[in-house]
Amino acid sequence: MALLRRLQTPIILSLILIGIGIYGSLSGRVIERVIIELFINLMLVIALQMFMGNSGIVSFAHVGFMGIGAFTSILLTIPPEMKGRALRELYPVLQPLQAGFLPALLVAGIVTAIIAAIISYPLMRLSGSASVIATFALLVIIHVILKNWTQVTNGPRAVFGVETVTSLPMVAGAAIALVFGAVLFKDSNLGLKLLASREDEKAASSIGINIVQVRWIAFIISAFVAGIAGALYAHFLGQFGADQFYLAETFLVLSMLIIGGSASVSGATVGVIVVTLLTEAFRQVEASVNIAQALPFQISGAAPLLVSIIMILMLILRPDGIVGGRELRIIPPATSTD
Amino acid sequence: MNLTDVLQFLLSSLSLGGLYALMALGLSLVYGILKLVNFAYGEVVLVGGYALLVTARGPLPWLIAALACVAFAVIISVLLERVAFRPVRNASANTMLITSFAVSILIQNAARLFISPRPQAVTLPSFFTRTIRIGDLFISQRDVLSLIVSLIALGTLVLFLRRTTIGIAMRAAADDFTMSRVLGVRANRVIALAFVISGLLAGIVAVFWVARIGTITPEMGLTPVLIAFVAIVVGGMDSLEGAVLGGYLIGFLTVGLQTVLPQAALEFQQAFLFLIVILVLLFKPDGLISERRSIERV
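So the sequence lines, in the order shown, correspond to chains S and G. According to numbering that gives the first Met the number 0, the stretch in the first sequence is residues 0 to 337, in order. According to numbering that gives the first Met the number 0, the stretch in the second sequence is residues 0 to 297, in order.
Check before you lean on any hint, since a few could be wrong.
[Unchecked claim] Derived DSS-like pairs: lysine-lysine, alpha-carbon spacing no greater than 27 Å straight-line:
1) 34(G) <-> 283(G)
2) 283(G) <-> 201(S)
3) 34(G) <-> 201(S)
[To be verified] Away from chain G, derived, C-beta distances all over 10 Å, residues of chain S:
4) 15
5) 80
6) 92
7) 169
8) 176
9) 280
10) 290
11) 292
[To be verified] Which residues of chain G face chain S? A partial, calculated answer using Cβ under 10 Å:
12) 100
13) 268
14) 275
Just so you know, these hints were derived from the structure itself, not from any lab. Given the structure is predicted, the values throughout are model-derived calculations rather than measurements. No residue lacks a Cβ here, since even glycine has one placed at the ideal position from N, Cα and C.
Based on the provided sequences and hints, a complete structural model is requested.
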């Protein structure tokens, strides 16, 4: 019973996600792609939730880490003989590298985590506006490097010819595993320390919590997940450039997290589902308006406009998000007598 | 380096730095009072730019177009405060900041949808594009004008903040908002005024920024706002003087790097500026210029 009570939230969430996955696999190619993207976004949003939701510190840098993961993985999965065409000015040292898809995912996660570990440790001292500007600065730096380091990332040109091996069952499985991981992380020793530091930095350090250290570990874990999500995304898109991992994507994942509610894993999951549904519904409306020529001009790009309006309304009316910081439960949470 | 080069360098740096200083000051005025890092500030420049684009195509003299640009920037700035920022004023700093980020994306998307995602060329009057030649020195009239206008704007603002009652109230509010309210400063008035002034500054920047690059895209607001972030961090987040000095400093640094660095390294210039931001935040969180030392006591 105790175990069931602990795991009820991820079980409920994964049943919902399995439902979405089955729907996706039974539908046509177009919807299947939307659902694959939903699961990849879910991974990134949960990665962000693990750090941001529990520590209360906004991070703009995670989409940058996603980009690092994406480029790291393709350096391994593009066969050496193809690299000359896909990445024209690649350092010769990197040319012979090769690994299968799954090892490449893991390496992408590890490389991203190592980079995050090295650059983020001093940043974890900051909080409030300073930390936001610092992570934003980090995003810009990562983007500039990804976009201009021609010898590794093909620079401003897009990368072509990545094998599109990311499949629906694969991303669904990864996302569901992550939902379990994130809930367990939140209830873990580390997660609770992090929550304490979010609620009151001074009280938390007074009871011996090393705030910088707990934030740092959480940041590394979430960067690891973001790196893997990026690698999956790269092998879903097949061709992409550094611009894929900048402000538009950052806004998308932040809005998903805020609209759902950043304080809980349920909030993150609900946010991703709701925003994806809204975006797709709007694209449908947009397409049918354009086909029917109901307006004298063609409209495009109304969906992101709508998402930003909804996000502002949510921030004003319900800043804790749809779920409001709670986790989905059927059995009431344990009381202190347990 | 001979005298001509030095003069050329000074002129370019001061004219670019003046624009950065105006942006940084506009951002810092609002930050001081509301503790809001306004990501949507670049879009205030953008809206001003589009107003300029539309009016400059008409038969009106160019000066009217420039005034329309400033007017629209002020209107959008005040409107954003009223519609988006006032409702979240009492929420957490993170909520305010994410709201401004959402507003920024909203305006960019609206520009893409209703105007055009492609660059729009702006008609510029000839006195903006002409250069004067004195000996070996080439002076762009645009640079001279932007240098003079930014100095006048800064000077007027200093007088306003030092000599008028409401100006002093604003400085008090930027220093300690709660305390100034206790002493009878009206919050809504001061905040609205801060947004008027910051809109005004953004409008002036918009005129010269558009004159520099010649075209307007929905993403145009990003660069000036990013630079202004750098400037206010370097100058000290809470200090108005620091913001201005930070702006000029970044102006000098930008032009200096452009002169010194090889072309290949220039692409990384933005990364370099933001590295400075992170380093300043880590080692001198009060900024490089600010005198104030804030030590938080428990």
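Okay, the hints, checked on the actual structure:
1. Among the hinted pairs, residue 34(G) with residue 283(G) is consistent with the structure: their alpha-carbon atoms are about 19 Å apart, no more than 27 Å.
2. As the CA atoms of residue 283(G) and residue 201(S) are separated by approximately 21 Å, the hinted pair is consistent with the 27 Å bound.
3. Between residue 34(G) and residue 201(S), the direct Cα distance comes to roughly 21 Å. Compliance with the 27 Å bound is thereby established for this hinted pair.
4. Taking the minimum C-beta to C-beta distance to chain G, about 26 Å, the non-interface status of residue 15(S) holds against the 10 Å cut.
5. For residue 80(S), the condition that its CB be more than 10 Å from all CB atoms of chain G holds, with the nearest at approximately 29 Å.
6. Taking the minimum C-beta to C-beta distance to chain G, about 20 Å, the non-interface status of residue 92(S) holds against the 10 Å cut.
7. Chain G leaves residue 169(S) outside its interface by the beta-carbon criterion, the shortest separation being 31 Å against a cut-off of 10 Å.
8. Chain G leaves residue 176(S) outside its interface by the beta-carbon criterion, the shortest separation being 29 Å against a cut-off of 10 Å.
9. With a least CB separation of 17 Å from chain G, residue 280(S) remains clear of the 10 Å interface cut-off, as annotated.
10. Residue 290(S), annotated as away from the interface, keeps every beta carbon of chain G farther than 10 Å; the closest lies near 18 Å.
11. Annotated as non-interface, residue 292(S) keeps its C-beta farther than 10 Å from every C-beta of chain G; the closest such distance is 17 Å.
12. Taking 10 Å as the C-beta cut-off, the interface hint given for residue 100(G) holds, the closest approach to chain S being about 7 Å.
13. Because the smallest distance between the Cβ of residue 268(G) and any Cβ of chain S comes to about 8 Å, under 10 Å, the interface hint for this residue holds.
14. Taking 10 Å as the C-beta cut-off, the interface hint given for residue 275(G) holds, the closest approach to chain S being about 9 Å.
In summary, the structure agrees with every hint in the numbered list given earlier.
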